[in-house]
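Undergrad: Spelled out, the chains give:
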Amino acid sequence: MRISTFFYCLKQGLKNIYRNRTFSLASIGTITACLFLFGVFYCIAINFQDIVKSIETNIGVTAFFQEEVTEEEILELKEVIALREEVESVTYISAEEAWQEFKEGYFKDGDEGILSGLDEDNPLEGAENLSIKLNDSSKQSELVEYLNSLEEVREVNASDAIADSFTNFSRLLSYISLGIIIILVAVAIFLISNTVMIGITVRKEEIAIMKYIGATDIFVRGPFLVEGIIIGLVGSAIPVLILRFLYNRVVEFVLTEFSILNNLLTFTDVNVIFRILIPVSLGIGLGIGFIGSYGTLRKHVRV
Amino acid sequence: MIALDNVYKTYSTGVSALNGISLKIVKGEFVFVVGSSGSGKTTLFKLLLKELEPTSGAIYMNNKNLSRLRRRKIPRMRRGIGVVFQDFRLLKDRTVYENIAFAQRVVGKSSKTIKETVPQLLALVGLADKASSYPKELSGGEQQRVALARALANNPPVLLADEPTGNLDPKNAWELMKLLEEINLRGTTVVVVTHNKEIVEKMQKRVVSMSNGVIVSDESKGGYTYEN
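Sequence lines, in order, name chains X and A. One point on numbering: in this note's numbering, the residue at position 261 of the first sequence is 261, and numbering is uninterrupted. So this note's numbering is basically just the index in the second sequence, starting at one, shifted up by 1000.
Worth flagging that the hints you see were computed from the coordinates, not collected in a lab. A few of these clues could be false.
Claimed, not checked - Looking from chain X toward chain A, a few residues come up when the C-beta cut is under 10 Å (computed):
hint, residue
1, Q100
2, L178
3, G179
4, A208
5, I209
6, F219
Unchecked claim - Label-pair restraints from in silico Cβ distances:
hint, chain 1, residue 1, chain 2, residue 2, range
7, X, L14, A, V1214, 47 to 53 Å
8, X, L37, A, N1155, 53 to 59 Å
9, X, F190, A, S1132, 40 to 46 Å
10, A, K1046, X, F190, 30 to 36 Å
11, A, A1003, X, P279, 55 to 61 Å
12, A, E1051, X, P279, 43 to 49 Å
Heads up, the beta-carbon is just placed ideally off N, CA and C, and yes, glycines get one too.
Start from the sequences, fold in the hints, and give me the full structure.
TA: So this is what it looks like as structure tokens:
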């Protein structure tokens, strides 16, 4: 293709968009909505994944003991557990330490307020435990089984449950979002194909003349393809820009408003997310634009 | 240059428009194709442009067998044919200049070439002063001359005209014919499909008469022999 042909197609394509701007805007709006949702779900899903991962590695497994088990017995058990292959480290946390940790975790600034009155009468009496970190989180259930088989152990808290529900929730979320996105992609393709169809109808005469003169397919279809692709790209650039702008603000907001969650939540870095999100969104937008316009052209504009 | 060998065309509706047409038009000829409506003139016209496919028979245009021509080669083939229609078919939202330049741009001519040739073409059809007018500001005769300039823009060896004088008054019709004759004298093969008895008789060119899808007469320097 000649460069002049390329510029001709580009110019005519932009003209087409401007000529039926109502439909162009509707198409852009639909793609924007579609890819905005996609972006939001993608951000949430990635963060969930990271959170699940950090829960798995940071919290590990906590074992609580029967009342009659003494501290010495627990420390003995600690050594035994530490010998296991999948265990990275075992820490003993006394009831006193557990209480301090709880207070520090929730009242960072040292203002313990009413809770300091409880120091004498530890609410977490009997909460002494062994906190076990794993070097391989996939072996977690094996360890939990082992711990449950020990008669000294009263209860085992594994992050399994939390991790599982997070995983389940994010899976549900991705199914719902996938459904919505598929519907919106279909609507977007339909709208683009309509926009292009209007352009074809308006320029029917011109297309007929072009064919008689001996214009090639590229020359006749080019402007309409450009139209579809530009609509697709604009429609995908807008949501990416909005999300880029919103992401850090939302993270900041969550961290200040729900500071309790600080040690639980780790947000994925904005650059990591957008390194994937930008090309994927633009790709989808381009694809929608191309399919929408090309399908219509194949059907209605033949030499 | 143009040859038809026993060409039949039956539409999917069952109407047979052409029933065995054989015709040869050599380079540089000026030929009228006459006949009443329904005689198959328009079908013939469309077959020559490969807008339609013949049911059987072979058609050669500029020494190419059209039925062997691949779809993607059609545009190149059409660049060898200039076309003029009864209803002009100019782009109404563009000036005379742009209409002619459009034909050249479509086939990928450079802006430099376009700038050089458009004024020459306008001068040829006598509209040098109308370059920046819009089609609606021109008379029918002037519009048809713009269409003719556009048809000639890419210097095709063949010019096909479908009822070019159909919408013109006798004076303009005659002027257009003189122009076609002049173009023919410069070496272009000209085929004119027409109803216009008066003009055909005055021009004294080869006349092919059609009726019910067959050629009923083919006379060099003939008159309008077909009687309605």
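Undergrad: Now, for every hint given, state plainly whether the structure supports it.
TA: Going down the list of hints, with the structure as the test:
Annotation: X:Q100 was flagged as interfacial toward chain A, and the flag is violated, the nearest CB pair being 80 Å apart, outside 10 Å. For X:L178, the interface hint is violated, since its Cβ never comes within 10 Å of a Cβ in chain A; the closest pair sits about 39 Å apart. Here the hint on X:G179 is broken, as its CB sits about 40 Å from the closest CB of chain A, past 10 Å. Checking X:A208 against chain A by beta carbon gives a least distance of about 7 Å; that is within 10 Å, so the hint holds.
Evaluation of the X:I209 hint against chain A yields a held restraint, the C-beta minimum of about 6 Å falling below 10 Å. About 6 Å separates the beta-carbon of X:F219 from the nearest beta-carbon of chain A, less than 10 Å, and the hint is met. Take X:L14 and A:V1214: their Cβ atoms lie about 52 Å apart, and the range 47 to 53 Å holds. The supplied range of 53 to 59 Å is met by X:L37 and A:N1155, whose beta-carbon atoms lie about 56 Å from each other.
Remark: the range hint 40 to 46 Å for X:F190 to A:S1132 is upheld by a beta-carbon distance near 42 Å. Take A:K1046 and X:F190: their Cβ atoms lie about 34 Å apart, and the range 30 to 36 Å holds. Range check, A:A1003 to X:P279: about 56 Å between beta-carbon atoms, so the 55 to 61 Å window is met. In this structure the supplied range 43 to 49 Å holds for A:E1051 paired with X:P279, their Cβ-Cβ distance being about 44 Å.
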